[in-house]
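Q: Next come the chains, spelled out residue by residue.
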Amino acid sequence: GAGVSQTPSNKVTEKGKYVELRCDPISGHTALYWYRQSLGQGPEFLIYFQGTGAADDSGLPNDRFFAVRPEGSVSTLKIQRTERGDSAVYLCASSQGPQETQYFGPGTRLLVL
Amino acid sequence: GESVGLHLPTLSVQEGDNSIINCAYSNSASDYFIWYKQESGKGPQFIIDIRSNMDKRQGQRVTVLLNKTVKHLSLQIAATQPGDSAVYFCAEMGTGGGADGLTFGKGTHLIIQP
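Top line first, the protein sequences correspond to chains A and B. Read in my numbering, the first sequence has 67 at position 67, and its numbers run on one by one without any break. Read in my numbering, the second sequence has 61 at position 61, and its numbers run on one by one without any break.
Be aware that a few hints might be false.
[Claimed, not checked] Non-contacting residues of chain B with respect to chain A, defined by C-beta distances greater than 12 Å in every case (computed): (1) Val13; (2) Gln45; (3) Val70; (4) Gln76; (5) Gly107; (6) Gln113.
[As the list claims (entries may be wrong)] Chain A stretches covered by chain B per the calculated footprint, using a threshold of three residues with CB under 8 Å from any CB of chain B: (7) 12 to 26; (8) 32 to 43; (9) 48 to 61.
Worth flagging that the hints you see were computed from the coordinates, not collected in a lab. No residue lacks a Cβ here, since even glycine has one placed at the ideal position from N, Cα and C.
When you get a sec, could you build the whole thing from the sequences and use the hints?
A: Here is the structure:
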C-alpha cells in the first residue's frame with residue numbers, strides 16, 4: 001500500500017513569510033508525528049497526534065510553529081514568520097498506534113532565504 | 001539529559017563483509033528501540049526494532065542486539081552490499097505511550113568499499 005506522503009517536497013521562502021507543510025499518513029494509522037532534521041543530525045521530535053488531538057507538542061521550538069490534524073488523517077505543520085534557522089528537512093511519520101513502528105515520509109526540504 | 005548516541009560517525013567496510021554499527025543510550029527506562037536507514041534525500045526507512053524484554057532479534061541479513069546492562073544497542077548487517085550504503089540511526093522510544101516521540105542519535109555513515 002501507499003506509504004506516508006509529504007508535500008511539497010521542496011519549499012523555498014523568504015524570511016518572515018508563512019509556510020504550510022502537509023503530511024498524508026498511511027491509511028488507518030491513528031498516530032502521527034512531526035520531526036525536524038538539520039543537516040548531519042538525526043531527526044528531532046516536534047509534535048505527536050493521536051487521532052485529532054495533539055497528545056504532545058513539547059518538541060515545538062516556539063509559538064511560531066503550530067500543527068493541526070482536524071479529521072484525524074492529514075496533518076499540516078504551519079510555521080509563521082519564518083526565520084533562516086527554520087531551514088531544515090521536516091519529516092512526518094505515522095504508526096498504527098502509540099509505541100508502534102513509525103514509518104516516515106520523504107520529508108519536505110524547507111529553505112528560508 | 002537523556003540521549004541516544006552512536007560511537008562512530010563513519011564506518012567503512014568491504015563489500016561482502018559483515019558490518020556492526022553500535023549505539024549507546026542513556027535512558028534506562030526506554031523500552032523500545034529501532035534502527036533506521038536513511039539514504040541521501042530520503043526519509044528514514046525502518047530496518048528492525050527490538051523491545052526491552054528481548055536481547056536479540058533477527059531479520060533478513062540484519063540482527064539487532066540489546067544489552068540493557070550497559071545500555072548498548074548494535075546493528076549487524078551480514079554480507080554487506082553496495083545498496084547498504086547509507087546513514088544508520090538508532091532511535092529510542094520512552095515510556096510515555098508514544099507521546100514523546102522517538103529520540104535519535106546523530107547517525108553512522110556506512111560506506112561500502114568495492
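Q: Next, verify each hint and record whether it holds.
A: Against the structure, the hints:
no.	hint	verdict
1	Val13	holds (21 Å)
2	Gln45	violated (7 Å)
3	Val70	holds (21 Å)
4	Gln76	holds (20 Å)
5	Gly107	violated (6 Å)
6	Gln113	holds (22 Å)
7	12 to 26	violated (count 0)
8	32 to 43	holds (count 6)
9	48 to 61	holds (count 6)
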